[in-house]
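**Student:** Sequence:
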Amino acid sequence: MPHEAARDDAGAHPVLVRMRAIRPELRPSEQRIADLFLSDPAGTAGLSIAELAQRCDTSTTSVVRFCKRLGYEHVRELRNHVLRDVERETFDTAALPAVSGDIDRNDTLSDIVAKVSLAETLSLADTAKVLDTESLRASVDAITSSTRVDIFGVGASSIVGLDLQRKLTRIGRTALDWSDPHAAWTSAATLGPGNVAIAVSHTGTTTDTIEFLLLARQTGATTIAITNHAGAPLADQADIVLTTAARETGFRSGALGSRIAQLMVVDCIFIGVAQSNYDRSMEALRDTFAAVHRVRKTGA
Numbered sequence: 001m002p003h004e005a006a007r008d009d010a011g012a013h014p015v016l017v018r019m020r021a022i023r024p025e026l027r028p029s030e031q032r033i034a035d036l037f038l039s040d041p042a043g044t045a046g047l048s049i050a051e052l053a054q055r056c057d058t059s060t061t062s063v064v065r066f067c068k069r070l071g072y073e074h075v076r077e078l079r080n081h082v083l084r085d086v087e088r089e090t091f092d093t094a095a096l097p098a099v100s101g102d103i104d105r106n107d108t109l110s111d112i113v114a115k116v117s118l119a120e121t122l123s124l125a126d127t128a129k130v131l132d133t134e135s136l137r138a139s140v141d142a143i144t145s146s147t148r149v150d151i152f153g154v155g156a157s158s159i160v161g162l163d164l165q166r167k168l169t170r171i172g173r174t175a176l177d178w179s180d181p182h183a184a185w186t187s188a189a190t191l192g193p194g195n196v197a198i199a200v201s202h203t204g205t206t207t208d209t210i211e212f213l214l215l216a217r218q219t220g221a222t223t224i225a226i227t228n229h230a231g232a233p234l235a236d237q238a239d240i241v242l243t244t245a246a247r248e249t250g251f252r253s254g255a256l257g258s259r260i261a262q263l264m265v266v267d268c269i270f271i272g273v274a275q276s277n278y279d280r281s282m283e284a285l286r287d288t289f290a291a292v293h294r295v296r297k298t299g300a
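Going by the UniProt record's numbering, 257 is the number at position 257 of the sequence shown; the sequence numbering is gapless.
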């Protein structure tokens, strides 16, 4: 059956996570359907096809097409998986205060803490589910065998790139982080086989970041993309794609949810590389800690 494989894929990752991941690639009518599910998954799962179409100002054909885009032959399969996701999220966040909605002007600081912690807890939980361990292993192997690693990101993603660069440097790896696009492009053009270029972009559509990975790939370097959208243009220039599942809202777009998920991926990369030569890495970590500690004591 043509949709049998699609149904298998549909069960591989939480459906709400996949909705967020493919939303930029959907038609406007399908985006409205995705937005309704994401804003109120439990309530939307109880709607009929006709009610869904009416709420989203679209046709029933668009609703059916949306379901098939996600790998489902029937709307009831989508509904069941959405409700399953709601149950999972309820379990994952059982210890957190019950809050809903985006941050708004009337929220107290307690509300803000609750909403931020909820979104970031789910971003980490979802990323853990979608992060492909084979791709992660390939990234670790490439970095471990490389002679140089160049890293580039823009905005909030640049913070993540700098974090990875500093972590790799602490265990004796030659890693360079670039904050200026022109400098990043110049460096990427000097890479070659045996080198690694890592690009970080939540949307995967940042032009400067795409150009960086394109230039690096042309030299024969291994290219790695860390992004929330596997179908984004950045992924087209990557030999290895590491996918996050961050939760962004209008108030916090591109700032917190994406960064916390990217940092989780970076930590996994770093620990994998360090573990590949455990004794040497532990010695380097002890030496770098001692160097900083000694300077502080001397300064005191």
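Calculated directly from the structure, the hints in this document are not laboratory data. Please read all numbers here as calculations on a predicted model, not as lab measurements. Worth double-checking, as some hints may not be accurate.
[Claimed, not checked] Computed spacing ranges between beta-carbons, pair by pair:
| no. | residue 1 | residue 2 | range |
| --- | --- | --- | --- |
| 1 | Asp279 | Pro28 | 52 to 60 Å |
| 2 | Arg286 | His74 | 55 to 63 Å |
| 3 | Arg76 | Leu285 | 18 to 26 Å |
| 4 | Glu51 | Pro181 | 43 to 51 Å |
[To be verified] As a list, the in silico EDC-like pairs of lysine to aspartate or glutamate whose alpha-carbon atoms are at most 20 Å apart:
| no. | residue 1 | residue 2 |
| --- | --- | --- |
| 5 | Lys167 | Asp208 |
| 6 | Lys167 | Glu89 |
| 7 | Lys129 | Glu283 |
| 8 | Lys167 | Glu87 |
| 9 | Lys68 | Asp35 |
| 10 | Lys129 | Asp111 |
| 11 | Lys167 | Asp35 |
| 12 | Lys167 | Asp57 |
| 13 | Lys68 | Glu51 |
| 14 | Lys68 | Glu25 |
| 15 | Lys129 | Glu73 |
| 16 | Lys129 | Glu89 |
Backbone N, C-alpha and C define an ideal beta-carbon position, used for all residues, glycine too.
**Student:** Which hint numbers does the structure go against, in order from smallest to largest?
**Tutor:** 3, 5, 6, 7, 8, 10, 11, 12 and 15
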